[in-house]
Each structure stands twice: as structure tokens, then as C-alpha cells.
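Trainee: One-letter residues, chain by chain:
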Amino acid sequence: MTIPAELDARFRDAAAAEGLLDVAYDWTDSPVGRLLVAATERGVCLISFNPEPEAHLEGLARAHGVRVLHSSRPVDPVRHELDEYFEHRRTTFDVQPDLTVLPPFQQLVLDELGRVPYGATATYGGLASRIGKPRAARAVGGALNQNPVPIVVPCHRVVGASGSLVGYAGGLDRKRALLALEGAILD
Amino acid sequence: MMDSVATIPPFEWFYREQRDDVFRYLRRLLGRQGAEDAFQETFLRALRAYPRLEHGRHLRAWIFTIATRVAIDERRRPVPVLVTGEVGAEDVEPAYAELEPLVGQLPPTERAAVVLRYGYDLPYADIGAALGSSEDAARQATSSGVRRLRRRLT
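These protein sequence lines map, in sequence, to chains A and B.
Heads up: the first sequence begins at 0 in numbering that gives the first Met the number 0, then just goes up one per residue.
Heads up: the second sequence begins at 0 in numbering that gives the first Met the number 0, then just goes up one per residue.
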């Protein structure tokens, strides 16, 4: 005997409504595939192109606390803004990324990256210079590669010195699609 | 070395692992309607306490402890609760299946002890923990519950 679906849903809603969760996660569909989205009280802490939750739950629990639960309500604001972004109705995100658990250098890089506007691109070296470490382009690349909240923190806007796309944790096709959506490159 | 059994799992995993059995247990104690309210209360209490757990051992006994306390609280409410014997015969021991329809008439502590022992095969130490008493007290509650049931059967 399994529990009635509505009882399950009611518990998941109540858990979030009572503020008992360290992390709530859910899925959202997008033109670049199904995304797993996780949020803490501080903001969105994970957007993953790998929607398989088993790959993420232990890491989320270690980073943010063991009360990790699938619950859709806390994720609604992020889902809503992502929908608008993909429908060309939003160019900046109001939801805050929760980067509190990341190493200081990575936070610095991702904060700086947040200043690269919609439709523009930056280079790894340029970003390194902007944080005052002009020789740290490789380390900047590493920090971007580990960006837990792609799209909202726009690591797709960082390209190689020659303008080539270079790399993206979600795959170059997705990077190309995001830059094309923003009009930064031609389809 | 990290003891993987003792690591506290993400709540989602723990919840998925236990939710069906906990619901079934609460239905035996409280009937369907009561079980739905008690189910949510059980897992909300578990969520509140979850960050304070020191290890992931005995999580099953722990959630049954909470469920038992919630059920006993529910039973102490003045509103009478109708208990139905709607458990499938395939998921209980044959001897227990005979007792099942009568278990609902036992006092709350004996009822919980009998269901945990014969319905879920929990050791007396865990039942004692669930009832907030000792292993001996759990053994006693179980056997006095069974004696009471036998008297009713004969």
C-alpha cells in the first residue's frame, strides 16, 4: 500500500510552509532541457542540466543541511523567472543566487560575472582582470565550470579571447542556445 | 572511515523509504481519516528533530517512535476514532492477521506494542523507545495486550 498522492503533496507543502526545509527542489522544463532547481531560504542554490535528483541530494545535504525535500512551492519564483527569461520577457533575475557555501574566490568570480549584462559577453582573462587577478584566467575558468546556478549566474556569457565559445558545463550546444536567445551571437 | 549506514541521509530519501510503512501503521492504530492527520504530524515532527540527529542508525525505530506518540496523542482526544480492519492479509504474519481485527479495542499503549511487535517485528528495545518506556515495559505491554486479545478470541 502506498500513501495517497494528495497526502504526500500536502505534507511536502506543509513542510515548506512551516519553514522546516534546508533545501526544496523541483523540476522545470526549458528550451535547453529539463532542469532541476533547488532553493534555500536565501535563494536559488542549484540549477542543474542533469535533472536526476539522486545525483544531487547528498551534495545539497552536505552543503546546506540534511532537510532536503522535493517541494514545488519554494521553487515557484525561480521557475517563473526562468520561464520569463526563455520567453524573452526578462533580462535580469530578481531571485538571488545562494552562493554562501562556495569558497571565497569562487564567490568573487561569480559575483563579478553577475555584472556582465544580458546580451553581452566577457572573456576569462577580462573577468580575471576585473577581480584584480589578471593572471588567474584558468582559475576563473575553473570557478565558472563549478557554477552551481547557471543561467541565473550567467557563466554562458564568458567566452575565449578569440570569441570562441570554449566550454560550458552544460555542453556547448546549450551555451550557444543561451547566447543566441540573448542575441549575443547569431543562431 | 565513514560509516555509510550511520550517515544521516537527505530527508527525501528517509521519507520515501518510511512513508508507506508509517502510513500503514497509523491506519492500523487510527483508521484512515485519523491516519491522514497523524501522518503529516509525524513527518513534520520528524523534520523538526532531524537536524539534531547524531547519526543515521535506527531511523526506522525512530520514526515509528514518533508515529506511536502522535497516535497516542490522537487517541487521547475525546472524539472517538473508528478503527477498521482494512489491512491486507498478505502483509502480516498469519497469527497476527487473526488478532488484527481485535487490536483496535486495546488500550493505546498495548495496541501500539502489539502492532509494533507482531505487525512490524520491531525488537522490544525499540518498542520501549517508541513508547517512551523500557524494554521490559514494552514486553509487558505486548504480552498483556496479547492476553487480553486471547480472552476475547476464546
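Keep in mind that the hints are not guaranteed to be accurate.
Here are some, though not all, of the chain A residues that point toward chain B, as calculated from beta-carbon distances under 8 Å [as the list claims (entries may be wrong)]:
| # | residue |
| --- | --- |
| 1 | Arg66 |
| 2 | Leu68 |
| 3 | Ser71 |
| 4 | Gln105 |
| 5 | Leu171 |
Read the hints as simulated data drawn from the structure, not as lab findings.
C-beta atoms are modelled at their ideal positions from N, C-alpha and C, and glycine is treated no differently.
Trainee: Does each hint hold? Answer for all of them.
Mentor: Results for each hint:
Contact between A/Arg66 and chain B, as hinted, is supported at the beta carbon level, the nearest pair being about 5 Å apart and thus within 8 Å. Taken as an interface hint, A/Leu68 checks out: its beta carbon lies about 5 Å from the nearest beta carbon of chain B, inside 8 Å. Among the interface hints, the one on A/Ser71 is violated; its C-beta lies about 13 Å from the nearest C-beta in chain B, farther than the 8 Å criterion. The interface hint given for A/Gln105 is violated, since its Cβ lies 23 Å from the closest Cβ of chain B, which is over the 8 Å cut-off.
Contact between A/Leu171 and chain B, as hinted, is not supported at the beta carbon level, the nearest pair being about 32 Å apart and thus beyond 8 Å.
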